Amino acid sequence: MYSTGLNTNQIMRQVIYALALGVSASYIFFGWGIIIQILLGVFSALVIEAAFVVMRGRPALESINDGSAVLTAVLLAISIPSIAPWWIIVVGVAFAIIFGKQLYGGLGSNPFNPAMLGYAFLLISYPLQMTTWPVDFSAFSQAINIIFNALSFDGLSGATRLDEIKTGLSLGNNLATMQVYSTSQAWINAGFLVGGIYLLARKVIFWHIPVAFLSGIVVMALLVAVLDSQTHLPVQSHLMLGGTMLGAFFIATDPVSASTTPKGRLIYGFLIGVLIVVIRNYGGYPDGVAFAVLLINMTVPLIDHYTQPKVFGRS
Amino acid sequence: MIESVVIFSGLTLVLGLILGYAAIRFKVKGNPLVDQIDSILPQTQCGQCDFAGCRPYAEALAKGEAQINQCPPGGQEGADALAELLNIETLALNEEHGESNARHVVYVDEKLCIGCTLCIQACPVDAFVGASKVMTTVIEEECTGCDLCIPVCPVDCIYVREINPTLLTFVPTIPGEAHV
Amino acid sequence: MSSQSYPGGVVIANPYPVDQVKIIQSPLPDKVVLPLQQRIGEEALPCVEVGDRVLTGQVIAQTEDHFCVPIHASISGIVTAIDKQAIPHKSGLKATCISIESDGQDEWIKSQGCGSDFLHCDKQTIIDYIQHSGIVGLGGAGFPSHAKLNKAIDCHTLIINGTECEPGMMCDEALMQHHPREVIRGVEILLHITGAQQAIIAIENDKQEAYQSLLMFNHNDKISFAQLPTKYTSGAEKLLIKALLDVEIPSGGFAADKGILCQNVSSVKAIFDAVIDKRPLVSRIVTITGDALTPTNVEVRLGTSFEQVISLTDVNNQAHDYRMGGMMMGVDIETTQMPICKITNCIFVNNKTLKQPAKECIRCNTCNTVCPIGLLPQQLYWHAKSENIEKCTDYHLSDCIECACCSYVCPSNIDLVSYFSFAKALDKKQTADQERIDIARDRFEFREYRLDRNKEERSQMMAEKKQALKEKMAKDKEQGLEQTDKIAQAMARVKKTKEDNV
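Protein chains in written order, with the working numbering: chain A, 755 to 1069; chain B, 14 to 193; chain C, 813 to 1314.
There's no promise every hint is true.
Reference listing, derived: stretches of chain C covered by chain B, where coverage requires no fewer than 3 residues with Cβ under 8 Å from a Cβ of chain B [what the hints assert, rightly or not]:
#, segment
1, 894–903
2, 1223–1237
3, 1255–1263
Honestly, the hints are just simulated from the structure, not real lab data.
Nothing here was measured: the structure is a model prediction, and the numbers come from that model.
C-beta: ideal position from N, C-alpha, C; glycine also.
With the sequences and hints as input, model every part of the structure.
See the structure below:
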């Protein structure tokens, strides 16, 4: 007999539902692009996962029913620019599912976060498409044209705020001359924050990773701001720009690739937060969530080994 | 140009000296691989592998003169364990060397024994107790089930008894594989 | 009296609650089947034969050592068979049992005991009565009570385990409600034997009637009560000791080492029956519950078939799933043609449902948050699955109490405990196999050495003989006796003998 708590399928679905608020915020500011990307991504994910599962000799319907492939696709679709060409999301989802999940043995066996693996692959392989972000609302027909017909519209695409700041800093300007805040990003992050709190309340995720993640960002940001506040972003910018909240509540909390012991999760989250700030300030990319998560995924077995909880009856 | 030659020659010399020193200082006596193989083999000493016992088979395996699938008492698990140790592909058991049966022991039908001691001489682990013209019996805990005694008995009084799992030695099976 | 708790464990609501906890007295069974293999120890040897008439309470089988308890006939009648029958064990294997057909008279044999004047009885004598009456831990572990008592002769604290933490079970609760006098008196017997300074009766706080019942009958200063928060695994001995006394028994250690003795409340009542009423253990209370009937308790003779016990309830006519033991730690069984054993505390009869399939482990670690021992069931699962027993031992597999809290909360419905029992059994088998192989290798090598040694001794002996012969020949030569002379003399002797005979 099993408990009346959530089972695996329900957990995946709850996470997808919790993303709704952040996605709505993105739609309000930037239009239909994100919806189309999500639909494309989900469709490709289902097809690719079903194909691979059948190749591995397992029943297809049960596997795609668990929602993990859909979740990967949705997370990836949210992470990429919503006006990226259609093949970007398809290729990204394919890579994430095939190389990030199926080749390791399916759900539960992958050491890396599949969505982030897909994102990293896309970023490195297609830097132009992956750094062309929307700057204004695109209507449905405009979005379809940009995504499928590769048309471009003036004034609809550009760099993200973090990107601009980084470019500005590399040119030698200091922060006082730049805008370190972005309304759209702040609302999107707030949307994901609320979704994350919902997940905590429903006990779908545990508090350790988000709290440690955000603490890592805060601590590191404060540290580097002390060094030079002119060229290093303040803490609130780090929290409200880029993929911070999405990372804290939805990406780093992926149970399969995260650390498993309670103490280990605190260390895991903290290290990711620290690394994100390091990459943002000193790395080559404007946002470091994906790479930070992947790098710390590699250290999970080590973290798990050294943070085993105390066993009853053993000192 | 000349600097690179000098640097690399110097590096080669230093590294070579270190390796030579390590080869002498940390030399391992004996052949630990043979011991490792021998510890996997079931020690039945039956000779079904066509060698004179488990240790000669282990030595042949270490030298690469035998296949890993020649040991029926070890079963497929034994062959797989050997494959893992030697870092090679596992093979299915070679049926020419005999069938892999469940673990069994032998016992003597005491009404028929004539005390010829042929079985005592045949047993590789001295599991028989007896003497000339005196009745012989098997120490069950010592019997490895190699069956070398069965063909030599002139009155065919040695029989096989299977060891079945009891309530205390039962090993359950793992539940079926999870889907996907 | 409030008490600390322990980390882990799950709070599970009683799936089949009842308004009133009752005990139905089962009528005498027509036939009983008594297995010779008890949960702990070697298989007993029968001391009766087929066709013998036995009396209720008569010893019908015992082991050679003094560690195990004897097996008694639970009814009077004729022994009809001593053969292999189905017993409730997860392996499904059959075991040798003694079957007795009842003669309907229930004639008891005269047994030994102290009577009500147990305080003047010698302590060791009382423990011997307990052993001779066949009393084992009736909470489910089946450990011989006398062995536990012998180890805990000078303990300072007695803990009486009335927690009954498995959800749905109420046999101990029924006992405490309906037989409080016997329970308290049994505790006093234990206090007398062990010389303990205090006895704590632990009850979960949802069993208020049982608590009140016992409270009414207790007039002994040394006996106190502790009400624990209702949580599954509060009844596990080491965890209970931690919750009540804040003492952590080390892994592999015993409570007796720290001067604590823990006994289940049903075992205590059985001790009362044996010592004061002079009745060996022949019956017990079993909870029958499930969604196919109204839950109740039945007091039944050991060896009665499950089928007969279930027929005393209002069970419906549908197809059923059966389970012996609790909801969490019990064993699913196929048939009800099995006998009630000393450790059968509960039978579940549920309407047949489809079992939920298991999915992949998503490493969510919910299992670790509920493990009362603080293990990492998820790691144990991965390693048990790949049969890597060494790694399982690293993660302290032997400390697992198989409480099934982890299986209960797993979102992927993985039956984790079955992996752990598999790994433990495999570990036991591999260790036994390895010992056997090492002994065989030693014997083989010794034999080789023995044969070589014999050969050497033989060749040495031959060499010495040859040497002695050479010396003798040399000596003869000195004395002038040539070998040829000797031969000529021998031939002459032979010729003479022939001539004599002709």
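Structure-based check of each hint:
no., hint, in the structure
1, 894–903, "holds (count 3)"
2, 1223–1237, "holds (count 8)"
3, 1255–1263, "holds (count 5)"
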